[in-house]
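Participant: Construct the complete structure from the given sequences, taking the supplied hints into account.
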Amino acid sequence: MAERVERLTNLLALLLETPQPLSLVEIAGEMTGQYPESQTARRAAFERDKAALREIGVPIEQEIVPGGEYAGQTRYWIDRERYELRDLDLAEDEARALQVAMAATRPGSTSGQEALWKLGAGVLDHSAPVAAVLPDAPGLPVLREAVAGRTSVRFRYRDVERTVDPWGLLLRDGFWYVIGFDHGRSEQRTYRIDRIEDSVDAVAGSSFERPAGFDPRAAFPEDPKLIGATETVPVARVRIDTERARAAVRDLDEERVLWRGDDGAVEVEVPCANLPAFRSWLLGFAEHAEVIEPADVRAHVVAWLEAVAG
Amino acid sequence: MTVRPAEQRLRRLLVMLPWLMERGEVPVREVAERFDLSEQDVVGDLELAAMCGLPPFVDELIDVFIDEGMIVVGVPRLFTRPLRLNSVEAFELLAAARAAMELPGADPDGALARGLAKLARALGEDDTAGVKIELDKPELVDRLATAATAHEQLRIDYVGADRDEATTRRIVPRQVFTDRGEWYVSADDDRSGEVRTFRVDRITALDPTGARVAPSDAPLPAPGAWFDDESVRRAVLHLSPAAHWVVERFPVDTVEGPDAAGWSRVTLPVASEQWLVRTMLRLGPEAELVEPADLRGVVAAAAGRVLARYRRS
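These protein sequence lines are chains V and E, in that order.
Read in our numbering, the first sequence has 265 at position 265, and its numbers run on one by one without any break.
Read in our numbering, the second sequence has 1298 at position 298, and its numbers run on one by one without any break.
Simulated from the structure, these hints should not be mistaken for lab results.
You may find that some hints are simply not true.
Calculated Cβ distances over 12 Å to all of chain V for the following chain E residues [unchecked claim]:
#1 Gln1040
#2 Phe1065
#3 Ile1066
#4 Val1159
#5 Thr1168
#6 Arg1169
#7 Arg1199
#8 Glu1256
#9 Gly1257
Just some of the chain E residues that point at chain V, by a computed CB distance under 8 Å [unchecked claim]:
#10 Trp1019
#11 Pro1104
#12 Gly1124
#13 Lys1132
#14 Pro1285
#15 Val1298
Every residue gets a Cβ at the ideal spot worked out from N, C-alpha and C, and that includes glycine.
Facilitator: Here it is as structure tokens:
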């Protein structure tokens, strides 16, 4: 009998080339001598091959013959359109740049290497002068597809089964989050992806509309822009020192800047209706920020710090 | 020839064949290097591919012969295009490219940006809101990245984790990286004569010495490996119900409780002392730092510094 890799390759070629779907009997007939004679052994070997091909990403289609002489029989084929990678039309320097990006952020990733080979790029080298460690979570690829395809997903989080319309993914402070609309709660929610229990599954046939202008950074719950929900909420005036001013303004948007000092320090306007969230944001700056007004919020922060200072 | 699983061999063939067909004639050695195989494996797999075929559909998969270390490919038949990207591969590529665009030195109009745009379009990403990556960087990071590329020697003042005073040392930066929200530089360090990893936000002063020094060949530590390291300091926090978000936001080793009053006890790795201090300020009276006890004073002092600011004005 032929080597397994040879049989797999032949099966793949046959299913790609066949002008009509083929049953297992027909497949075994074409691939003379490559599958066992006994019906049970043949089915087992074929199922193993089919699983192996699907495992490496080959989309094998199947249909059940609805009527006639072969009613109930399963037939298989591969749709070339779904099999082949569309040409990305990458220039050589672009493919090379993706290779460098992968080496800098996912060194040693076997899937990353496979992906690069498919795009015509070469072997990852492991020593990028500038690098980032991207955290991993098994749910990420399915979530990414669901966000792009506007498909709802199902997953377990803190012991609750949830159905969520994923609007976007965000990597912040070293963690991946999914932000979206939770059907059970009927509101926008944020979940940390590495805390999802078990798997993430796309809900077949579902679809959703993402709110216009959605930006995961702005939608993140601890984002100061979202502290307080309506137009009429109180705002605080906060002074931020030179060291942290640039990053803070980038997160807040220019329009919140009320004053700008010669040394780069700024005073910004930030909603403070949600006091715990506001306080948490403010104290993230430690001694580099100070709430100027309103007086009651200022007094609250002072009392809070006094409790810590002892 | 090494024994490799059939799936792996087929997978490799499916990327190797389209690449070969596009080129027509390639030295065996080049193919072996590019696809991370031994030369024997390349020859073995191509010979096998040449034997595959199913008349009348496909006479032979690939018309190939190997002569004097050269692979020569004839008329392309099957497998002229690679297999589509699976969901994991698609994510890896997109995340890697988006993250690399956030790294120091990324050119918004460069080859990576152009390649990323093409990739994103092919993956159905109709805008950039679907997957966002933030790598907030302190200002010194750009400077260190330039030095690492140019092999510049720098003089730095560095405040280590266990001391209050800065030491002055000369370093040749080799790799600048970020992990869990902090930035680090691995460098050849003249003080220890070894490769050392420094936290960028602990560098208090930085000046080029004017020298260019070839980097040593001492191996660099793998970014990311240190975090799971047992030697990384742990903290034990006592958290009120209102402070439970810490468990959601940060990696933790263990959570005990909650007790009758709703408080729980959490052990977690301390990414940086500064991070722990900031977190304790944010938690305020909702949390208690059980261990390390020596940092309680550091937290109180930090609160005192912020308070001083309020009392001044």
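Participant: Each hint needs a verdict: does it hold in this structure or not?
Facilitator: Going down the list of hints, with the structure as the test:
1. Gln1040: Label holds. Min Cβ-Cβ 15 Å, cutoff 12 Å.
2. Phe1065: 18 Å, holds
3. Ile1066: Ile1066 (chain E) clear of chain V: closest Cβ-Cβ about 18 Å, beyond 12 Å.
4. Val1159: About 15 Å separates Val1159 (chain E) from the closest Cβ of chain V, which puts it past 12 Å; holds.
5. Thr1168: 22 Å, holds
6. Arg1169: 20 Å, holds
7. Arg1199: The claim stands: Arg1199 (chain E) keeps its Cβ more than 12 Å from every Cβ of chain V (closest is about 14 Å).
8. Glu1256: At about 17 Å from chain V, Glu1256 (chain E) clears the 12 Å cut-off, so the statement holds.
9. Gly1257: The claim stands: Gly1257 (chain E) keeps its Cβ more than 12 Å from every Cβ of chain V (closest is about 16 Å).
10. Trp1019: Status holds, d = 6 Å.
11. Pro1104: It holds, given that the least Cβ distance between Pro1104 (chain E) and chain V is near 6 Å, below 8 Å.
12. Gly1124: With a minimum Cβ separation of about 4 Å from chain V (threshold 8 Å), the hint on Gly1124 (chain E) holds.
13. Lys1132: 5 Å, holds
14. Pro1285: 4 Å, holds
15. Val1298: Where the cut-off is 8 Å and the nearest Cβ of chain V is about 11 Å from Val1298 (chain E), the hint is violated.
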